[in-house]
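Peer 1: Chain residues, written in single-letter form:
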Amino acid sequence: VTSAATRERTPDLDLARMRRERLGKLQRAMEVDGTDALVLSGNTAVRYATGAQLPSVEGERAVHEPTIALVLPEGPPHLYTASAEAAPPELPADHVHGPLLVEFPAGVVALAGALGEIVGTGEVRVGFDDLSAATLVGLPSLAPKVTIVDAGAVVAAAKVCKTSDEVECIRRAQRINELAMYDVYAAVRPGARQTELSQIFYRRIFELGATANILDPVWQVMAPSIEDGPFTVHGDVAFPLATTDHILRRGDVVMNDTGIHYEGYCSDFGRTWTVGRDPTPRQRDQFERWKDVVARLLAEVRPGTTGSRLTQVAAEPGVDRRPWLDHFWLIHGVGVDSAEMPLIGTHLGEQFDRSIVLAPGMVLVLEPVIWDDGYAGYRSEEVVEVTEDGFRLLSSFPYLPFEQGPLPW
Amino acid sequence: VVTLGVAALEDGGRVDFARLRNERRERVLRAMEEQGVDVLIAGRAANIRYVAGARRLHLSGTRPFLPGAVLVRETGDLHVVSTWDDGIPAEIPLDHLVMQSPNPLNILAGLEKIGGLKTARVVAVDAISPLYRQLLGSLAPSARLFDGTALLRIVRSRKTADEIQCIRTAVAIAESSMAAAIDDLRPGVTERALVGSFEARMAQLGITTPASEGSFCVIPRGAAPLRRMASARAIDAGDLVLLSAGVLYAGYEGTVGRTWLCQTRPGTRIPADLADLHARWTATRDAVVDACRPGATGADLAAAYRTGNGAPPTGPIAYSVGLGYERPIAGSALGPEYDSSCTIEADMVLCVEAHVRNEIARHVASEMVLVTAGEPELLTTMSHGPLAEQVTEGS
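Residue numbers (my numbering), protein chains in the order written: chain A, 1 to 409; chain B, 1 to 395.
I should point out that these hints are in silico values taken from the structure, not numbers from a laboratory. It is possible that some hints are incorrect.
In the SDA-like style, the derived pairs of lysine to any residue whose C-alpha atoms are separated by at most 25 angstroms in a straight line are [unchecked claim]:
#1 Lys113/B - Phe231/A
#2 Lys145/A - Ile118/A
#3 Lys145/A - Lys113/B
Calculated Cβ distances over 12 angstroms to all of chain B for the following chain A residues [what the hints assert, rightly or not]:
#4 Glu74
#5 Ala299
#6 Gly304
#7 Glu316
#8 Arg354
Backbone N, C-alpha and C define an ideal beta-carbon position, used for all residues, glycine too.
Turn these sequences into a full structure, and let the hints guide you.
Peer 2: Next comes the structure, spelled out in structure tokens:
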């Protein structure tokens, strides 16, 4: 029997320390920004700010049975929840309150009351990550001295560099995800259905200790050319598409994408597999090109490197197409959100990429994609922590069926 | 005739999804007309699904606000934020797709082309972020913002025949998945492994989207609060276990909740006090379900719960279900005044949760109920296992 106490602290993971250090980072970011309070209702932001344990539920239940955090620049946060299990043990009892049901006008009245009582009745600048429609319509007149600002930048600034405990949670999440994937990989053969792969995945992740699954596992069979795939607004590859009962055929190229939670932290697993057949020479070449891109990136992953430097070195000599998907990114961060800052190589633009400077504690997912129109392509994800003098790999799943052994870097 | 399953049939049997989408959209347009709303912007996945029928990649929990579907009342024009047409119904033209982007200004540029938005006087949104609240100012400069969640809550409440069929299917999948978890419930299994048993069976039946990863939790003895989050705890013989989880079929939720006794050998006799507890639970459940009739209010359901000697509830006694959780009906933190304002109507689907206790044990379980013009219909059918069997044997 595993009690909460033994889970709370092991030699390489101290969850109480993690919560304390996270809150400290968030409060420092509030101070820098001049925010008087944060009202957070997004599951990941609430977990980050308070360490609250939240159930894994579909979005409508999540907003109708909310756990909301009210964070001040000093002192413990306030937690508003109907759950007896949400609050971490160190949160004082007078900081744990009944739920604020802000989907309804009565809940917005209660929110205005809580703001008045805890933040004060003067002019205040309060960051929100999300506004329910009732809050949007009702709060301005109920709390006329509250200036509503976006909490996004403050929360992102706190989250971007992880503490050692946060990195350990991501490492464990990634490990569970990868271990489950050995069983899935063994089942990838002609005649298997996409949903059967999800079946194996679900059983294994919970046996291995995942606290939740976060996205419908993707096992996309790639059309060889963009034209043969779904229509896309931007003319690039459509990925990721939702899983169906599609039956795998010999020769299919499957790009997968899965993610689970360990103590609120995400894994991110992506590989490309061939079904029932060894990779063709062309597919091997795609994989080699993908490895070259990652090798060039890893050679630059260390504190001080800018995002734009990374997009530059990723480009393949003599190839027009950028080696990543146009609607996504070359690199994204991972933490309590499966894709968070730093985002590199996005439509936020070149100037944004230049503003990103790698720092110790960032956890990056390198996500290049080689696309060879007419012959599909190769995509995998590699998870790395930026350290004081370089990087540490957090992923270790082999590049089957292209390479059997350990990772090439 | 009801046939449950997820495959399409060549005769067009089971759910007519084109009709389902059409009827939903008609209802939304009618409500916009009645309430004087010019444009509706849906950002939450269930609302996007209701308005546009978009089958998107499912993610658990809350998501940051992004506009997902824009419906203009005057023209009935529907735009969807999606980079591709996979999962987008054929009635939405390709030039009505707006590219998804990490840059909100790009999405804004896509939305600016929608006719009717610039001149809209009333724009309903179902949620927003402060950033998009600001951006919306340039998109619809003269618009008053309207509570789109309240509008859609009423629209979504009464189900069409096709929606009810989706919910029946979801309930059947949820019960089959729960039966698989119960097959694996024996001394030594961890709570979390049962989540995996449930979801693995769900996926085997062709559905990969849980409505909630559920409660697979040993019920504490005595006065300690109920646990709802599965842990690494190993379940022991003699433990009473709360089993509650749901699935989404075409977005529609089917949920089942049971209290189950973990036995060394299934079928062995159980203590009389547990059998008595189940009899009391059944009485409470029957009282609330019987009250689920058109014209009754949430307050009537709460009164029936008290009459049926239910223990103080730990969550709503009843809530409305459709494309996931819709709204509490009775016994929530919104209080008795809110309960009185919730009127039960035919074609609503409710999840009813009853809770009874004695000095040492508790029994918590839920049923899904279809409100009809006549008798309420239980959509959940699965047994209560060892606890219920004992009652039958003794009577």
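Peer 1: Each hint: holds or not?
Peer 2: Hints, verified against the model:
{"no.": "1", "hint": "Lys113/B - Phe231/A", "in the structure": "20 angstroms, holds"}
{"no.": "2", "hint": "Lys145/A - Ile118/A", "in the structure": "14 angstroms, holds"}
{"no.": "3", "hint": "Lys145/A - Lys113/B", "in the structure": "36 angstroms, violated"}
{"no.": "4", "hint": "Glu74", "in the structure": "23 angstroms, holds"}
{"no.": "5", "hint": "Ala299", "in the structure": "26 angstroms, holds"}
{"no.": "6", "hint": "Gly304", "in the structure": "24 angstroms, holds"}
{"no.": "7", "hint": "Glu316", "in the structure": "23 angstroms, holds"}
{"no.": "8", "hint": "Arg354", "in the structure": "15 angstroms, holds"}
The structure fails hint 3 only (numbered hints given earlier).
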